[in-house]
Structures are given as structure tokens and as C-alpha cells.
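Enquirer: In case you want the letters, here they are:
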Amino acid sequence: MTAVSTSTAARMPYRLSGAGVAARGLAYLGLGVVLFLPWFTTDFSKTCSLAVIYALMGLSLNIVVGYTGQLSLGHQGFLGLGALVTANVVFKANLPIWLAMTLGVLAAMAVALVLGLVALRITGLYLSLITLVFGSAITSSLFALATFTDNNSGVKIQRPSYLADNGDWYLVCVAVLLAVFYLDYRLTISKVGRALLALKENERVAEAFGIGVTSYKLIAFALSGAIAGLAGGLYAFRGELYSEKDFQDPNGFTLALLFVVMCVVGGLGNRLGVVVAGLFFGLINELLDDFFYAGWVKPWMHHVPFLSSYYDSDVKASYLASLIGALLLLQTLIFNRGGLGAQLRPLSRWMTGHRFELHDESDAGIAAVEGSSVRA
Amino acid sequence: MSVLDVSGLSIRFGGLQALDDLTLTVNEFEIVGLIGPNGAGKTTAFNCITGFYKADRGQVLYRGQDVTRTPPHKKAAMGFGRTFQNVGMVKSSTVLENLKTAQHARVQYDVVTGLLGGGRVATEERALAEKADAILEMLGLQDVRDLRVGGLSYGTLKLLELGCALATEPDVLLLDEPSSGMGPEESHQLGERLLELRRAFGLTMLLIEHHVPLVLSVCDHVYVLNFGRLLAEGKPTVIQTHPEVVAAYLGGEAPEALAETHETAEDEALDEATAATRKKKRGA
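Here the protein sequences line up with chains A and B, keeping their order.
My numbering puts the first residue of the first sequence at 1, with every later residue one more than the last.
My numbering puts the first residue of the second sequence at 1, with every later residue one more than the last.
No lab work stands behind these hints: they were computed from the structure.
Beta carbons: idealized from backbone N, C-alpha and C, even for Gly.
Hints are supplied without guarantee of correctness; some may be wrong.
Unchecked claim - Listed below are several chain B residues computed to face chain A (Cβ distance under 10 Å; list not exhaustive):
| hint | residue |
| --- | --- |
| 1 | Gly51 |
| 2 | Glu124 |
| 3 | Phe201 |
Said to hold, decoys possible - Covered stretches of chain A (chain B as the covering partner; in silico rule of three or more C-beta atoms under 8 Å from a C-beta of chain B):
| hint | segment |
| --- | --- |
| 4 | 22–35 |
| 5 | 101–115 |
| 6 | 196–204 |
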């Protein structure tokens, strides 16, 4: 009986009133303004560019982990590859920036396809292990070749003059993020997203539905690699320097783990949550350092036990960020399996023109269902 | 014309000969039953026919075409619809999403077009949803349309799974225990429904089923498997009283029944002893 009554209520069309439209319009406007604000700054907009790049990496990894259910611990490899190819193409061939970034995307996509071929044969823990080794191996070998690193001094590249300002580059990053966000949305509402979700849960069921598991796994890896390669291009131009050290262990592995933590804290398979988590983790690294060294914090912080040792050692704030990541991961796994995305869902539903409801009965825990036990 | 022609199908798992020289034919618009005790190899036969397992030997012909080595997703696109022993659906998605997913092979737009979107994609997606709604209406399950599959009851799920199989627009439907988890009344309704589906969609079906009244009421022909081998085949009423079948189900040799049917023609086999067995089985 309850099922009947709730579903009829849910299917009753919710008509937006004029005020409702206005309120949502204002919300979007506010969001746009907030996104635009960093443009006025120089250093902060650079930090924000990094946050946007992390958000892109979140979306990239989310396709593989969240939608397809394959854990990858080597995504810093794709990010690095995108940066490497983009930077070197500009440095050596002096090609236009857009072409260089396209080449970076294609390179990362091609390598991701190779990793996808491995994923066809191996799944689960062993696949994670292979991606882990892949990330370490490619960053410590290919990335460190003297020809690609301008004899280990780092490849310096410059953005074209019309994008020289950090704020402008930040806007480019945001535009790319919005475009990828839209593509990701299209992915989930088209047959591709449905196919990935089906094969994630049960490959046999997917095949019975006529879904070619092989090709869709490859598609997932290729898309993920392409987005990571794009993020890599943005990354290279953000600092106007390609340095292999950014992607080599231990930095590289920290990054790879961070990307996974981002996806889980954001909510596996939840695009909005992953983006918000990505932005958060991208910002927190730099902001923590700024915070600790801020004039009004430092004298006060010296009196706080434990935290005061922060100034004596060479422990960077980014490690504190890792700690925060770990705590957030724990709280997500224990209390809130849907991640940030599930928490934001009432808001995102409201923004997309639905009624504001804290509970949505059709949406009881995406992450609560872990695979299924279908035998064939 | 036969829709499915399986000949000499064999598969071995280690020391177990799961299927041994299985030969069966399913004719157009027929509903064929595949029965047998637990572990007889019924589901294995399904998996070999649909391509989930690669048979060691044997051949599967679909409308005269050799499809022995065709992978399952291609078979689904060709018109093989199947259900699983315990529900094969995407549990974290909604019912509507599942019905759309099941129509995957019928979607015309390609991957890139789907990502970019556009009028054609939107039109087609709307058509998918309409088809899904039509199936739900036919099954009388409109109320669960937007609910997640994971939270639904088993009987509903079995019915929905049938709906998903129908959504793949099958030509031949392979149903693995469609009535499991249903009471006698529900499974009777299921029987009516299957006959109706055959009429409405011109379907051919092969079904694994334990529920004897259902087999009797819908099947045109029955194959009995035991230990991977074909034990008997024939009309359901004949199979029901077949001494070896009775023996396989009830255990032992059933020598009396065996002796009696050797003498009489199969069609006249309904003597008192087997009629009693029948009554007993129905009651159970």
C-alpha cells in the first residue's frame, strides 16, 4: 500500500512556480559568481586552477571506479602523461596550445586503452595492483627520460599572451570542467552509462542484455584516460613548467591515493559529489599552508600542543591534508556510504527543478548495494 | 522450422561431466520445458546455449545458423532473451533504468552521439522509456517504475526480470525457473501470462521449471535431464508418468512402474500406479 501511495505522489508532476524559477535562477547566479570570484586574484586563482584540475581527475577516476567498478591506483600516470606530451609538444614543436593539449589527450587515451586491455583479463585486487605498478613504473621510467625533461631541469612552457594571466587560465580550467561535467551527465543518461553500471554489477546480466562487456570496459578506460590527459594539459600550463617530480613517487602515489579518496568521499558514481570533493582536496593543500603561516594564526598556534610542532619540522601542510583525507574517508565509510554526493542530493535535486525533499525513497543508498550474487 | 537446434552438446568441469551429448530441438512458437533434479545440468545447458559457457563439443543452431561460438551479448542482439535462476537485474538502478538497459542492443545511436546528445538521442531515449512503460503496464507493475530494484520482493523481481527479457525484444526466450519464489496461485497466473506472451509476441520459449502444474499447463514438449544426460523427452503428460523420470525425481529404481510401461504404448501409460504417483506429486 505504501509503495503505491508514495509512487503516485512521486509521479505527480511538480510545477515550478515563478518564485521557484527565480530562486533557482538566483542560486545559479550565485554559484556562477562564486566560481568567477577567483578571477580577480593572482595567486589564489592559481590555487583554484589546481582545485579544478583535481575535480577533473575526480571525474576521470569516477568513470573507472564509480561507474565501471574497477579500482585504478595509477591515475597520476595519465595526468602526468597528458602534462608530459602537452609540454613537450609545445616546447619542441612550438605547436598551438590547443593542438598540444589534444595530443596530450590522445596519448593518455591510448595508454589508458592498453591498461583497459589488461582490465579485461584481470579484475579486483590484482587489477589495482597492476594499475599501481603501472603508475609507478611509467612515472619513474618514461617521465624521467632526459629528452622529455629538458635534461632534468623541467620543461618550461608559456601560455600564449592572451592567456598569460592566472585568472584567465583559471577560467579556461572552469570551462573545461563544465564541459566534462556535461559530458559525464550525458554519459550517465545515455546507453553508455547504463551499460557501464550493468557490467559493474554483473557482467553476465550485462551480456544477457546485449552489452558487449569487452568494448564497454575499453570505452570506460579510454574516456577516463582522455579526461585525465586533458587535466594533465591544464596542469602543465598552469605552472608553465613540466616537472616529472610532480608525478613520481612518493608524490605520485600520494596523488593516486588522493584521487581515490576524493572519489569515495565524494560518493562513488556521484558526479557532483566527486567534483566538490576534488575542489575541496585541491584547495585544502595550499590553504592549510596559508592558514598556518597567516599572521594572525601563527603566534596563536604556537600555544596549541601537537599542532605547534608543525613549524619546527619540515612536515608540510599537505601531509595534514592527507590526514584530513583519511579522517573524511573513515567517516564516509562508517556513517555515510553515499558520500558527499548523497548529502548534496536534496540540494542538487532542487537545483534541477524538483521539490526540495530531504529523503527520496527511490534513492535509498547507491553505495549500500555492493555487487550482487547472481549465479548463471 | 526449428528455432533452436542443439546437438551433441557436452561440457566437462574437471571431473564432472556436466552435460553429456545433449540434443534438443525447439520449434517455432513452441514452449519447451527442460526439467530434471537438482544438479542435472539444466542451467549449464542454458549457459552453453546462450554462450556463457563454451561447450567442449556439440553445436547450437539458431534458425539454421551456427551460433555455437557466438558470444552472449551478440546472441542477445540476435534475439536470445534469457533470465537467471536468481534474478539477473541491475540492483542499484531503478526498474525503469533496468528496462532501458535491457533494450541496449536495440538502441540505434552510437557511443559518441550518445555522449554529445541531440534531438535524435532524446527521441530514442523517450521511445525506450515508452517501451519500458508499456512492458510495466502489461505486467501490471507500473507502481514500482521509479523504485530501486534492490528493495523489491522476490516474486516482483522474477516478474520484472521477465519484463527485462522481453525488453531485449527476443525471438526465443530462455527462462530459468520463472516461477521460483511464487505461490501456486501466482505461478498459475505466470503460466497464463507465458501463453499470452507467446500469442502476443510470437515467442518461442525454452524454460527450466520445477513446478509441475506449470510445466503441464504451458509446455508443448518436455526434455528431462539427469546427471547431464537426456533421460527422456516427450509430451508433458507422458513425461510425467515416465518411470525413469519418476525414479530420477523420487530416487531409487521404481521397478514396478518400469516393468509396466515397457509393455504398454507410451500414450496409454496412465495406469493406476502412475496415476497415483501423479496425484501424489500434485499434492506435494
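Enquirer: With a C-beta cutoff of 8 Å, work out whether three or more residues of the segment 101–115 of chain A approach chain B closely enough for the coverage to hold.
Expert: violated (count 0)
Enquirer: With 10 Å as the cut and Cβ atoms as the points, is phenylalanine 201 of chain B at the interface with chain A?
Expert: 17 Å, violated
Enquirer: Holds or violated: the hint that glutamate 124 of chain B contacts chain A, with Cβ atoms closer than 10 Å.
Expert: It holds, given that the least Cβ distance between glutamate 124 of chain B and chain A is near 9 Å, below 10 Å.
Enquirer: In terms of beta carbon proximity below 8 Å, does the segment 196–204 of chain A have 3 or more residues touching chain B?
Expert: Per the Cβ count (5), the hint holds.
Enquirer: Please count how many residues of the segment 22–35 of chain A have a CB within 8 Å of a CB from chain B and say whether that reaches 3.
Expert: As far as the segment 22–35 of chain A goes, the hint is violated, because 0 residues have Cβ atoms under 8 Å from chain B.
Enquirer: Should the interface hint for glycine 51 of chain B be scored as holding, given a Cβ-Cβ cut-off of 10 Å against chain A?
Expert: Holds, because the Cβ-Cβ distance from glycine 51 of chain B to chain A comes to roughly 8 Å (cut-off 10 Å).
Checked against the numbered hints above, the structure breaks hints 3, 4, 5 and satisfies the rest.
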